[in-house]
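Given two chains presented individually in distinct reference frames, assemble the corresponding complex, making use of the accompanying hints.
First to last, the sequence lines map onto chains H and L. First residue of the first sequence? That's 14 in the working numbering, and the numbers climb one at a time after it. First residue of the second sequence? That's 51 in the working numbering, and the numbers climb one at a time after it.
Think of the hints as simulated: they come from the structure by calculation, not from any bench. Treat the numbers as computed from the prediction; the structure is a model and nothing was measured. Among these hints, one or two may not hold up.
Stated by the list, open to error - In silico EDC-like links for lysine to aspartate or glutamate, alpha-carbon gap of 20 Å or less: (1) L/K108 / H/E85; (2) H/K22 / H/D86; (3) L/K151 / H/D51; (4) L/K119 / H/E85; (5) L/K151 / H/D86; (6) L/K99 / H/D69; (7) L/K111 / H/E116.
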Amino acid sequence: NAGVTQTPKFQVLKTGQSMTLQCAQDMNHEYMSWYRQDPGMGLRLIHYSVGAGITDQGEVPNGYNVSRSTTEDFPLRLLSAAPSQTSVYFCATSGSPTQNYNEQFFGPGTRLTVL
Amino acid sequence: AQSVSQHNHHVILSEAASLELGCNYSYGGTVNLFWYVQYPGQHLQLLLKYFSGDPLVKGIKGFEAEFIKSKFSFNLRKPSVQWSDTAEYFCAVNVLGGGNKLTFGTGTQLKVEL
Chain H
14 NAGVTQTPKF QVLKTGQSMT LQCAQDMNHE YMSWYRQDPG MGLRLIHYSV GAGITDQGEV
74 PNGYNVSRST TEDFPLRLLS AAPSQTSVYF CATSGSPTQN YNEQFFGPGT RLTVL
Chain L
51 AQSVSQHNHH VILSEAASLE LGCNYSYGGT VNLFWYVQYP GQHLQLLLKY FSGDPLVKGI
111 KGFEAEFIKS KFSFNLRKPS VQWSDTAEYF CAVNVLGGGN KLTFGTGTQL KVEL
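Okay, chain L solo, but in the shape it has when bound (with noise of 0.2 Å):
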């Protein structure tokens, strides 16, 4: 079966510093990977996707990700976050024909300080 894993559990930054958070999967064949967040009190609402294409990925609200393929990684990115950046940060596997199942990684909890 495959996992994720989710290397920073807690992450505190400035504002206007730059972001870079893990994620790591296992599993060898083809598969999706997601980015998910959940801003305080609120559900999850994804930020970004890859299907397939381009590696660099770009999502809502200025946030990236890059797919490497031979690291099994898929690392979410945005130059400069914000106050109203604080929330957990999921990333998600959907292995490509076992339908619509996602594994999530641990979440990391991420503050921004003014």
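Extracted from the complex, chain H is given alone in its bound form (with noise of 0.2 Å):
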């Protein structure tokens, strides 16, 4: 039972490539959800899914694009790196959106470098 899972771990960019995230859970959960950890900022939430083929816009969504296709992906893609977008990406889940009080595991982060 591996959890979530994401990969790369690592990546670096240059201003305009594309590249996309990969995130994985093996634990059934409907929700998923994908932060952006920067110094002194927290975790902000880029873009959410209830469900295969619902998504939804966070707080900060601009320059990120996703897709729920299966309950177990939820895959954030990167159409044209900017150095803004250098940060650590994690991924979340829980278990179904209706139970908000739910706890949401995280996986353990990309770090992406936009140069």
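Quick look at the structure:
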């Protein structure tokens, strides 16, 4: 039982390049989300999904796309990377969007640097 | 929109000292409250959570937090810290009826010295 996994762990991009951060979970959780963590700013919600086929924007969605074709996977796409997207990205999951007291489980993070 | 304030950005304590980290939120409705910890190089882990009932909640590793509704606060405490408590601590709020979205504070970096 791997929990929440994220790949890659580290990535360096040049401005304008595209890439996809992967997030997978084997807990059969309905709710998945992406956060970015920046020094002095805590974690900010980028996008989230309450189930397969359903996604919505969080606090800082610009420059990022998501899709949710399966329960298990929730990839985050950067279409044209910018230095402002240098950050640590965390994926999180929880059991049910209606049970909003559920604990969120975080993945190990992806450290992204955009030059 | 709700917001979360953590007033202490960096705290340095000696082992065995007592700890209190402040957390205030701004939202007039019903909230669920969380404290997460991030040890160096690791992902976030849940320390404790408050949904309802007894406003004093106990979490893992000897941590506790008290929800004071009139003050919109959820301060984290530990009577005696250890070197292994060195980490970053995040307070987070979830609005009842707002799905599972969490709003985080900016974090408090705790360093415990031997």
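Here is what the structure says about each hint:
1. L/K108 / H/E85: Roughly 32 Å between the alpha carbons, so the hint for L/K108 and H/E85 is violated.
2. H/K22 / H/D86: Roughly 17 Å between the alpha carbons, so the hint for H/K22 and H/D86 holds.
3. L/K151 / H/D51: Holds, at about 18 Å.
4. L/K119 / H/E85: Roughly 37 Å separates the two Cα atoms, so the pair is violated.
5. L/K151 / H/D86: holds, 18 Å
6. L/K99 / H/D69: violated, 25 Å
7. L/K111 / H/E116: Roughly 17 Å separates the two Cα atoms, so the pair holds.
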